[in-house]
Amino acid sequence: MQDQTTTKLPGETASITDDIPNGNQDSEAVKNTRTQTTIGICAIIFAVFTYFVAIPYGVSTPSNVSNIVLSPLFWPNIIAGLTGLVGLGLILTAKTKIMTITQNEPPFNFYASGGWQRLGIFAVLLIIYMASISRLGIVWSSMLAFISLALIIKTNHKITALIVAVLMPLALYAFFAHVAGIALPQGLFVRLP
Amino acid sequence: MDFLGDAFLQNIMAGFALVANVESIAALGIGVTVGVIAGAIPGMSATMAVALTLPFTFSMTPITGILLLLGVYKGGIFGGSIPAILIKTPGTPASSATVLDGHPMAEKGQAGKALGMALWSSCTADLISNLSLIMFAGWLASFALSFGPPEFFTLILFSLTIIAGVSGGSLLLGFLSAAMGLLLATIGLDLVYGTGRFSFNDTNLMGGLNFIAVLIGLFAIPEILTMVWDPSPKTEKRTKLGDNWVTFKEYKSCFKSIIRGSFIGVFLGSIPGIGAAPSAFLSYSEARRKSPNKENFGKGEIEGVAASEAGNNGVAGATLIPLLALGIPGDVITAIIIGAFMIHGLQPGPLMFVTNGDIIYGLFMGMIISSIFLFFVGSVAIRAFRFVADIPRSLLFPTILILCVYGCYAVNNSIFDVGVMFVIGWIGFVMLRYNIPAAPFLIAFILGPLLEDNFRQAMLMSGSSASILVRGPITWFFWTLTIITVVAIIRAGIKNSKTTAIE
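Sequence order for the protein chains is U and R.
Numbering of the first sequence is given in the working numbering, commencing with residue 65 and proceeding in unit increments.
Numbering of the second sequence is given in the working numbering, commencing with residue 589 and proceeding in unit increments.
No lab work stands behind these hints: they were computed from the structure.
The C-beta atom is built at its ideal place from N, Cα and C for all residues, glycine as well.
Accuracy of the hints is not assured; some may be wrong.
Here are some, though not all, of the chain U residues that point toward chain R, as calculated from beta-carbon distances under 7 angstroms [claimed, not checked]: (1) Asn131; (2) Ile143; (3) Gln181; (4) Arg182; (5) Leu215; (6) Ile223; (7) Leu236; (8) Ala238.
Modelling step: build the complete structure from the supplied sequences, incorporating the hints.
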């Protein structure tokens, strides 16, 4: 399970609103309601898209299906309908304030400075990392990815990061290739034994 | 009772022979150690540790590989209590209840006592849970042999109701997450007609999405993305262990709560999908209700730590009861372990007791041994944790990224799977950001194909007559349980919201 919990501990408060002055708690509740409504609308749009576009174009069914419940279309249609209903439920319950969202513990910091920029750079890094595995090999591309990520998250341990970046992919390569017997991509330039 | 007869003893001996070798013992020891360390590092959950360990088991024999994973699982559940007590940050959700009394004890300079009690109660509960597994799994498996597709359909439908238990703050968001998981599980060739569903004639998609890629993407990558989003160092107050260690007298005084918590864990663990966190809270609240020191709970009561840890560790063995007896994963971690069984060509379920009885009993033996390992490894870990906790996050997360890529690639030697992992990781990050729980997604992704498969098989058997879904007492039993659970969930959700609104 993910390391997040929304369980409210007895004797403790698990809400994000703990860190918010009392005067701002109402606005936080309004924000949660708005978020829930937005998620509900997105869920409905997604369900409509799935039902009218994704299923007709993405799911093929033979012409001799005897009964609708046996059709390959049946299950995806049910799930699309369920998604739409949940979306509707989210909107309705947000309006009536029944079963609204409670927050993570610890709360997600929505206001991290430079967050979007770092995420953008990291997204590009992941694409390059994936593309370079077959060309550079998994070991060398992992070394570069390690160093790049350490720099993106502004490590204060640059020398250690460099050492770990070199040693860890090599150690993992040694384990997978020589102990587990799994062939890893070597790349086009430098090949390892 | 035939399970206590000759066949049972023969199976026990065969199982013991499988485990009594250096490889298996070493796998257990390494597994427990890795689990304790992973559980003790906030941000690296037991689930993530089990998922990352999975690729290492591919080259091992089935019993060694599965024992390694079980060791990680058990170690991870205990390991979560260490940061919960020392730095008020549960290493795993299962340790949330341990924070309540563990950290106040640490603040009073009794961290060593709290950690010692956590270890003792964890080992006791673990042993009880393992014994329950040995006693009841075979019985449940023989009962399960009378299950056909309609019975399995109703059972899996009931198991899906547990999504409510892992939905956190919003039931509807849990359902939304589950719907996405169900939809993703339909990708690939249709189970009956063999036609493509969302595969767009791409050979990579025809077999469906790789389970490991989805799993790692959903749980590990969002943590890295969160770190990228906000790399500011978190202030973590570290607490000294103190000179006081738990005494036998204190253990004896908490024994009732430990036994009660263990059985609560066994009971809740044997129901698919409930998991360790609710069990820990139930055990804690029962101990509080029965204790003469009720007022001291929440202020540093050692019995509170004992009850919480007994509750969450009691689940560890019992959660394998539905896995081994019915082939149904009891929680997210056992869902990964079921993957390990499949990778090694084993299909957990009632038939496995007949076809691979030695492996089942080998696992039982291994689990008993793991309790002993847990005690020794846990004792060392309590003292050593502070060094592990000092690993800077800015080094830990790049390490996790590299482990994820190697682990994901190694499953199928597929770069496409690495791409799937990254994409699911971004979806997981959006879900994390907007409080959409990830656990229902994964549970639905695993159970979805089983649900559909059994439903359609039942329909094929009956000529599309829905009456087959209520054909006997077993189906009625699960329908009744499902309806009761759904009604209880809706009532609890509405009541909870009203209480929140009044506050």
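Status of each hint after checking the structure:
1. Asn131: Nearest chain R Cβ about 4 angstroms off; hint holds.
2. Ile143: Check passed: Cβ of U/Ile143 comes within 5 angstroms of chain R, closer than 7 angstroms.
3. Gln181: 10 angstroms, violated
4. Arg182: OK, holds: U/Arg182 within 7 angstroms of chain R, min 5 angstroms.
5. Leu215: Not OK, violated: U/Leu215 not within 7 angstroms of chain R, min 9 angstroms.
6. Ile223: 11 angstroms, violated
7. Leu236: Check passed: Cβ of U/Leu236 comes within 5 angstroms of chain R, closer than 7 angstroms.
8. Ala238: 11 angstroms, violated
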